[in-house]
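Colleague: Here are the chains, one letter per residue:
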Amino acid sequence: MTENKSFEIVDTTLRDGEQSAGVVFSIEERVNIISALDKANVKWIEAGIPAMGKQECEALSLMLELPIKSNLIAWNRANLKDLKASIECGFKFVHVSLPVSDLHIEYKLQKSRAWVLDQLKTCLEYLKNSGITIIVGAEDASRADPDFFLQYADVAASYGAIRIRYSDTVGCLDHFTTYNKIESIVNRSPLPVEIHAHNDFGLALANTLAAYRAGAKFASVTITGIGERAGNASMEETAVSLKHFYNYDCGIELKALPSLVEMVAKASERTLFPYKPVVGPFTQNVVDN
Amino acid sequence: MKADIKVSIVDQTINEVVRLGVNNPADVRFMLSVLKKYSFDAADVSLNNLEKNMVEFEADEFSESMRCRVKCSGQEIFRAKKLGFSKIVINTSLNPLTPIQDMLEPVLQMACSNDQEIYLSIDNALEFSIRDVETIYPLIPKYGIKRLILGDRSGKADPFTTYDKLGFLGNTIQCPVEYVGYNDYGTATANTLSALRAGIEYVATAVSGIGIPGVAAMEEVLMAARHLWKNELVPDGYSIAADCENILYRAGIMLPGEKAIIGKNVFAHESGIHVDGVLKNPNLYEAIKPEEVGLRRLLVIGKHSGTASLVQKLRHLGLSLSPEKAAALLEKVRNTAILQKKPLTDLQLKTLYDLQMESVKDPNIHLSGKGEMPCD
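If you're matching them up, the sequences are chains A and B in order.
Quick note, the first sequence lines up with residues 1 to 289 if you use the numbering used here.
Quick note, the second sequence lines up with residues 1001 to 1376 if you use the numbering used here.
What the hints contain is simulated information worked out from the structure, not anything from laboratory work.
Be a bit skeptical, because a hint or two may be false.
Derived DSBU-like pairs: lysine-lysine, alpha-carbon spacing no greater than 30 Å straight-line [what the hints assert, rightly or not]: (1) 121(A) with 92(A); (2) 1341(B) with 39(A); (3) 84(A) with 1342(B); (4) 39(A) with 92(A); (5) 69(A) with 1341(B); (6) 1280(B) with 121(A); (7) 43(A) with 266(A).
Owing to the predicted nature of the structure, the values given are computational and were not obtained by experimental measurement.
Taking the hints into account, I'd like the entire structure generated from these sequences.
Modeller: As structure tokens, then:
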């Protein structure tokens, strides 16, 4: 393993976390969570989806006025209507997502690979000269042809995107496969790679660590691991594990994590499993180690 | 990799359940009968937990399938025998400054003379070099040690280091090897999969990873091996969610809805994009089918719903809606969910629908109390 010198945390508690079935955060809770994430030195926060409607846009505009250092990112499907909503909200960082697996392209979009590349171009063209920083997401990358992922990354790079997200959308990777896939991609990708792992087999953290070892530069995580279905990689386990296993400091204030966990558990109305690693009440508290 | 490696589970659930105070033999009997469906080799229970909670079940009944964990002490060996245990796990730790052989040998001799089946556990083995671990190799044939249990108590090894170390150790040890991965950092399942892939057949797990310290979750290890590695030797999981829940229920442990593999909500979908996808083809947003782990797919109507899920949900309720009206209704649905910080119940949705359609309520429509519906 070559030592990875840069691996930044991207929080998506308020986007993928809130997308978890049954969860709704109030505006006040969102403000509190963003402020706490900022205090914990989380540089990147995916704040929500402006395309969800007027009320959501108003809420997100409020978040953008908070006096914080963190960069707030708007998540978007790749269409101009969604992007317009993000721009009108006042976002300076936008995430544009399209699926890259043939399964998704055929059954969900009912389109072709060429259409996906064209659609990305159309969206990024629209954002050109807007002063907005672009992040591109590749949904279902773990089940996609790696060569197509790289073609997609090339388009993103040609429009100045700053990174590309590799999503294991259904959480079907183990850590060995993640390592091999990410390693083969980072060596050829024109953009830094962000790993976005889901926990369907309990492997989201291990896959995030595998991506770190393989040379990914960003990790998309949530507080408590809240997210679609079985959730995402948790920030607390990721940050503490990076420090513990690799002596890597990802910049997050570890001591701020227990209160963030408590805040998100309460806001999502989910009781913390007592045996939850790192922060569970039955668990040896390893945040300080 | 070899697709079909053999997986044998050494259960740690019962130990935790006993620690929590379950001392009814019927409960233990029930749990064992369930666990035996899942690549079961043995279940551990520590002498300390048995004695502390005054468990008085007849160990004879369980002696074939249970092992008693004791400290490296003649006293404890004796007490475990008195309780009727014939399989003994002797727990010890390596310490390079004080070789453990001198302390171990009298205890091993005693277990030998008792005719007990000996499992020797080195709970910090992965912290040490191969050379350090090798120092105990001569004891294996001398005392007929059945299996060497290698642990990583301080969680020093990540899943990749675990793979490397166990691959090497597994090849040099003259008896079968067992691995126990602890979950302080959240990597127990991955570490355990690494152990299996390194050729270690016997692994410690507990339902949902319970225990102090926590270990790998049985359901994750088995279903990952079965579905991610296509390992047909691992049993199917068609009743695994209910089985795990039943075990935890007897110990008074509530399983979180989002618990990987077995949580009730791991096949619940709310967001518009996901529901739209799942309705087109479930594989789009599910790695396995819900029935493969004995669960059901649920559609939840809430803040993140889209028109596709709304139309589908209403169809289940026997109602129809044009796309234009669906968009207007969706806004009301989202506003309600935001206001109440919860998804909508069927009754709430029906009320909003009625207002939208200005229609008369149909008394024949069945309305469940919960905002969930099965979606096939």
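Colleague: For a quick check of understanding: which of the numbered hints are violated here, in increasing order?
Modeller: No hint contradicted; all consistent.
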